[in-house]
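Colleague: Residues per chain, in single letters:
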Amino acid sequence: MTSAPRDGETPVISISNLVKSYGPARALDGLDLRVAPGEVHGFLGPNGAGKSTALRILLGILRHDSGTVRLLGGDPWSDAVSLHRRLAYVPGDVELWPSLTGGEAIDLFARLRGGVDRRRREELVERFDLDPRKKGRAYSKGNRQKVALISALASNAEVLLLDEPTAGLDPLMEAVFQECIRRARDEGCTVLLSSHILAEVEALADRISIVRHGKVVESGTLSDLRHLSRTAVTARTARPVSGLTDRPGVHDLREEGGQIRFDADAQHLPEIMRELSSHGVQALTASPPTLEQLLLRHYGDELHRSAS
Amino acid sequence: MSGAPAAAPSGRAGPAHRGTASSGGSLTGTGSLLRFMLRRDRIWLPAWVLGMTAMLAYFASALGLVLDEESLASFAVFATNPVMALVGGPAYGFDDITAARFLVGMYGAYLMIGAALMSIMTVSRHTRVEEQSGRAELVRASVVGRHAPLAAVLLLVTLMNLLTAGLMTAVFYASPTEPGSLGSSLLFGCSVGAAGLVFAGIAAVTVQLSPYSRAASGGAGAVLAASFAVRGLGDMSAVQGGELDWLSWLSPFGWSQQTAPLVLDRWWPLAISLAATALLLLAGFALQSRRDLAAGILPDRLGSAAAPRWLRGSFSLAFRLQRAGLAWWSFALLAGGVVFGAFLQPMAENAEGMPAEILAVFGGSGGMVDGYLGFMGVYFAIIAAVCAILSAQGLRGEEQSARAESVLAAAVSRSGWILSWAAVSALGSLCLLAAAGLGEGLGAALSTGDWGLLGPTLLGHVAHAPAVWSLLGLALALYGIAPRLIGLTWAVFAYGAVLSLFGDMMELDDAVLGTSVFRHIGQYPAEDVSWAAVGVLAGIALLLAGVGVGGFRRRDLAGA
Chain B
1 MTSAPRDGET PVISISNLVK SYGPARALDG LDLRVAPGEV HGFLGPNGAG
51 KSTALRILLG ILRHDSGTVR LLGGDPWSDA VSLHRRLAYV PGDVELWPSL
101 TGGEAIDLFA RLRGGVDRRR REELVERFDL DPRKKGRAYS KGNRQKVALI
151 SALASNAEVL LLDEPTAGLD PLMEAVFQEC IRRARDEGCT VLLSSHILAE
201 VEALADRISI VRHGKVVESG TLSDLRHLSR TAVTARTARP VSGLTDRPGV
251 HDLREEGGQI RFDADAQHLP EIMRELSSHG VQALTASPPT LEQLLLRHYG
301 DELHRSAS
Chain S
1 MSGAPAAAPS GRAGPAHRGT ASSGGSLTGT GSLLRFMLRR DRIWLPAWVL
51 GMTAMLAYFA SALGLVLDEE SLASFAVFAT NPVMALVGGP AYGFDDITAA
101 RFLVGMYGAY LMIGAALMSI MTVSRHTRVE EQSGRAELVR ASVVGRHAPL
151 AAVLLLVTLM NLLTAGLMTA VFYASPTEPG SLGSSLLFGC SVGAAGLVFA
201 GIAAVTVQLS PYSRAASGGA GAVLAASFAV RGLGDMSAVQ GGELDWLSWL
251 SPFGWSQQTA PLVLDRWWPL AISLAATALL LLAGFALQSR RDLAAGILPD
301 RLGSAAAPRW LRGSFSLAFR LQRAGLAWWS FALLAGGVVF GAFLQPMAEN
351 AEGMPAEILA VFGGSGGMVD GYLGFMGVYF AIIAAVCAIL SAQGLRGEEQ
401 SARAESVLAA AVSRSGWILS WAAVSALGSL CLLAAAGLGE GLGAALSTGD
451 WGLLGPTLLG HVAHAPAVWS LLGLALALYG IAPRLIGLTW AVFAYGAVLS
501 LFGDMMELDD AVLGTSVFRH IGQYPAEDVS WAAVGVLAGI ALLLAGVGVG
551 GFRRRDLAGA
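Chains as they are written, first to last, in our numbering: chain B, 1 to 308; chain S, 1 to 560.
No lab work stands behind these hints, which were simulated from the structure alone.
We treat Cβ as the ideally placed atom computed from N, Cα and C, and that holds for glycine.
Check each hint, because a few of them may be wrong.
As the list claims (entries may be wrong) - Per the computed footprint, the stretches of chain B lying under chain S, defined by three or more beta-carbons under 8 angstroms from a beta-carbon of chain S, are:
| id | stretch |
| --- | --- |
| 1 | 77-84 |
| 2 | 111-121 |
| 3 | 132-144 |
Said to hold, decoys possible - Okay, the calculated beta carbon distance ranges per label pair:
| id | chain 1 | residue 1 | chain 2 | residue 2 | range |
| --- | --- | --- | --- | --- | --- |
| 4 | S | Ala294 | B | Glu122 | 28 to 36 angstroms |
| 5 | S | Arg554 | B | Gly23 | 12 to 20 angstroms |
| 6 | S | Gly166 | B | Gly23 | 21 to 29 angstroms |
| 7 | S | Ala294 | B | Thr245 | 56 to 64 angstroms |
| 8 | S | Ala327 | B | Asp117 | 48 to 56 angstroms |
| 9 | S | Arg39 | B | Thr245 | 54 to 62 angstroms |
| 10 | B | Pro171 | S | Ala294 | 19 to 27 angstroms |
Chain S extracted, bound-state conformation (with noise of 0.2 angstroms):
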């Protein structure tokens, strides 16, 4: 049998079963499917598990050999402030803290949503993606029951938690963290696991919603974010000794996180997590037998008939297909500088308990606020980069899907398609910038109440977008010249980003340091704008973009 192609379940045909068929009902082929679906996934979920596993590996080794008994002792009160509550979690234990009470408080948030996005992405990728390829009408044609599908791969993000949970639990308990308890060491796993079971409970829903993929794993994603900011209000109010700690209870990471093991130990807020995630699956059967394959529930919402005036150029059209994407990244840049700003007034008073490691990315005890602020240009930058190397990929999507094709077949030259699309990365990336610097500078300003924070730290962010640029020029002179190789700029991206976040830390030289393009423009206002730098970078970008449209403009256009 495991010989056969899975996708393909011909166990029941010919005339001999025929009475059969009505006897298997809604899930026949289940299993075939299942089994179908793992050798799809064959990369895909070794991937997502042992991933997962091997981040809690490393934040657990990194913490045990960093977090020492005197440096935690003067962490516990920088632990239990509401910002940490916010992005971590209830600091259940912290007014004793361990390395490991520390990890499964502040990391556990990261790995439940880590496990939400694997059972998220999962669902979508085997229901939806295959309804609106077209390819689950070839499946459902087979002899497989309308909710076959559905059922396998909920079956199959059961293993995929089940084996995340289990290995993270072994993990954990053997980790430098030493959390001494095999069943608190459990519970951790089980609670990131039902994380993920709820979340695919949530997609199972969602992806019935819309016929678009998109729009389902947009869906569950919208679930997940609002999720974590509830139970992030929530936990924020606990920690206060507020009245609001109940919105910790709406959310599902609010269940996982409340079992506070090694603090509280309790099992039973799981039993909300699968109480839930039974109510989703059962809405998600039920919604799905009230509607056609390949079809939403909800009706697609019809759009305009006519372009607007504005769309007319290829700088517009650039800029019309970039915009829902820069709007987005803008405004999590903003909302992630106000929590980061927001950051500074805790930091600032616990600089003098914090480890020498990790006080020296900051520029010392002495210049915190400054070396703070200038830190966090860096680090937004380097968000501002990814973003505009995707854009700058967004070229090679629009060649390869033949649309760039019938943009040129119009009256519009090679130099102008490829360099309005840059423009709009390159603008798109400037603002970028300017949201995290501005979002930076309000929230250091609210939670430190100095105002004149807010210029220098804006102008500190912006100042990096040379070095944004340059990576970008990078990605495009690398289109233009050999399209395939455009990837080979997340190596560069990944050298620089690894050496300026890291390379104190490392204890680098300042030669091997000065490779990296984000360490040159320097980390305004705890250092100077290194104005040469920045007109060098800004240069080298124009000169790699002019090497890319050389390039595009003398080859073939791929087809698609």
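Next comes chain B alone, as it looks inside the complex (with noise of 0.2 angstroms):
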């Protein structure tokens, strides 16, 4: 299920088999992680299923209980000092000094990673639409997110570190932020994105792992994710389709209005798309699958049982 990454090149995040444990709750059970050099990597699950963890870890701000961990070739904690060097982290929940203001904090951030690029802060500033001269106290959260990002993109670091990042940021600032991690990676920036909002991760990254109780479930690029799950298809037929049911690829069949849907087996679709033709097809959609919907391959059975 895991494909690896091209042969021949260091990964830049090599995790196997990491676990943390709290007390009696495990945050990470037997996590595996590989990223490589220049790619912009999905890291997908819900709250608590031990994004933040894995990060901190990878940040040398938690100590693991078994397992390896390499970030660029060196132990996170360790060398922790010397890797924070080569990149840049922007966690969730961004907290500021009261008495700094916000363009402060962008300057010590970045140059006590090393230095800023000027240049890129004030175009960034612009961009983000951030009014720099506030105080920390006065920041709503997504202003506070929008500082901790300006100073990360400033850096020019070699990794970026996001841990949900654009929580905070409306449409248009999530647009700016896209734009600007498309633009970090085609200078050849490596990016781990953690994240639950679907669609960021799916406009964003080369590839994907899925997160589930401290466990990677499924990684791979989203095409081979995709080749796992099913399409959705709603369909009108001049007459009613009886034999779909039994048919194999088929899922959660049900009539609606006078349209049907279901969801599709990839490999079986050729044959249910002749079945339906010969019904006499008078609308037909037939979307991809969605990430929200390979989570909830994953989670549903955890959706079943909350709703009932």
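Each chain sits in its own coordinate frame; assemble them with the hints.
Modeller: Structure follows, in structure tokens:
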């Protein structure tokens, strides 16, 4: 299921069988993750799946119990400072000092990493539409997020570790964010983007790892994962379609307002389509699986449980 | 009704009552909010009211026991000097002094400050803090009028001040200072409550000005400090027969103190307090009508768009974050040092007539000058230690708010981060002691005319730095190993402070006294500075800091 990155490249991030427990609770339960140089890697999972814990271990802020973690060839715990010169981190909940302005915080964080690209900084401040003269206490959550993002993107880091970085941004700013990430990738930056916002990962990621209960349950390119999923089909036919229910590859068939809806396995699509057309198709929509559906497949059991 | 959550006053909900919404007006929901505040403050309210009453009870019984007829008589001359007037009050009836009059004239001001702080913090807590956190929006979104939260908290504060006044009346009347007159006792209690009420009014105005609770309480606190200083100058002039005694009438504390319980027994100055309170409340409500929820009347000042060149590492960050606090503390200690230093002359003159217990603290009547200056060094070292421990606790605040995470995610090592902060705290406490010593020396030199006191006083104060550092080191060690236990530092601090301040009066054994960190360096110039103790305490501080760094490098960072 896990498709390895291209051979011959040392991965930027390489995690295998990582375990971290808080008392009896296992936050990470044998997590594996490989991120190749220059890729935007989506780290996707619901809240509490262990994404932030994994990122904090990569930052050397938390210790792991067992397993191996390598970041840029180094040990995140013991080589923290030298590694941090080469990376920038944006947490999901950015806290700023109440008495420092946003501009001061941007400069400070970038300088603590080793330096700030002044031109890039000014450009980003403008694009993100941030007033850097306001004090930290005066910013909304979204604006605090912008401060951390601008500082990270203006640092010329080799690796960006982003933990749900757009949680407080409006759609317009999200588009700006996506552009900036693409530009960073074009410049050779490696990005690990943790998120539960599916559309964001879908729009940006070259490869995706889906994490659940502290384990990566699927990993691959978007098209790899789509293989595993089903196409959602909505159709209206001239004559009622009878034999679909028993046909292999058809799931969740239901009728709504004269239309039929079902999910179809990719390898059975040709037969299913033939069957439909033989009943006189009047309208048809078939949408590729979204990451939402991928997640639903993995968490479906939970959703059913919580719904009942 | 009492079982229902008072936070959501829902009594008027429903279509049947639609017509009544407009009739409720801007005060709708005040009653429900008041009940909710009482529920929220079930610890806060008794803690303040009973705490202040207990303070009065303590003062009263201590004075009643220590000051007998004889010591009172010798105290009279000493009591009416300008410095006492500056820090105490207008000295009504001090020419025919009793323990009760001394309590009212000297300690009354501090009970009034307590009541003022209680009012300011309670008003801010239920208005601006609620708005800043966004909780007020939820409350105001239900059937609650625009002015209801302010009205409710003002009722609450009025209740707190009335309770305080009532309890203080009873405690004072029954105390060993034997005031004798219930009416005068009531007047004293009411004068404390009246000062509290005026500051509730002042806070009702300041919370409208800035969107931030710290600025709101800071503004009211500045008015408090100014009020205290203005009446201090007026009272100082009054006891010297000067012409600036009218200054006292410009201050809310002045109005309360001019009632002169047990001497003139005037009630009418309290009418000024009530009138001022009423005007301030009207102003507060008027300002509130002119602003949006969570907004302030005054615009927030913008700062710099870029960081200054020097702000580029963990040390400069630690300095930047602690700078304002250290500056205020230094200024306060410098000013305090001048005032206490200026006290030296009257202390020396009146040494003969002082009670033996108090004299013992300063090393007897012979070495009064050196004894007093040496003692003040320890006194200020204790204050500097408070600041140092608070500063170390700031590390924990940085970690819990996840700001430390952002800094440590940059190229900052853990030991670099904690040691930078600790270095600023350590240098800061040295700076505080120097400020206090400088002030003390200046005050002493000015009051006695002997400039030779300045150098030894400065040295005597600064020499205590290693004692402060050892407590700082303890806080760092606890923070590194078990951050939850950092508060234990306060226990060690309090133990050491009590032993060194009151150990002599309690006539404790030297072995017991030696367990206080403040007892080893020596109260220079009365005693020699023990350089061995300086070295050992500094070594202990370094060792403990090392333990803290070692622990911090090994443990996980707490999440937000």
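Colleague: Now tell me, hint by hint, if it's right for this structure.
Modeller: The hints, checked one at a time:
no.: 1; hint: 77-84; verdict: holds (count 4)
no.: 2; hint: 111-121; verdict: holds (count 4)
no.: 3; hint: 132-144; verdict: holds (count 6)
no.: 4; hint: S:Ala294 to B:Glu122: 28 to 36 angstroms; verdict: holds (31 angstroms)
no.: 5; hint: S:Arg554 to B:Gly23: 12 to 20 angstroms; verdict: holds (18 angstroms)
no.: 6; hint: S:Gly166 to B:Gly23: 21 to 29 angstroms; verdict: violated (50 angstroms)
no.: 7; hint: S:Ala294 to B:Thr245: 56 to 64 angstroms; verdict: holds (57 angstroms)
no.: 8; hint: S:Ala327 to B:Asp117: 48 to 56 angstroms; verdict: violated (34 angstroms)
no.: 9; hint: S:Arg39 to B:Thr245: 54 to 62 angstroms; verdict: holds (59 angstroms)
no.: 10; hint: B:Pro171 to S:Ala294: 19 to 27 angstroms; verdict: holds (25 angstroms)
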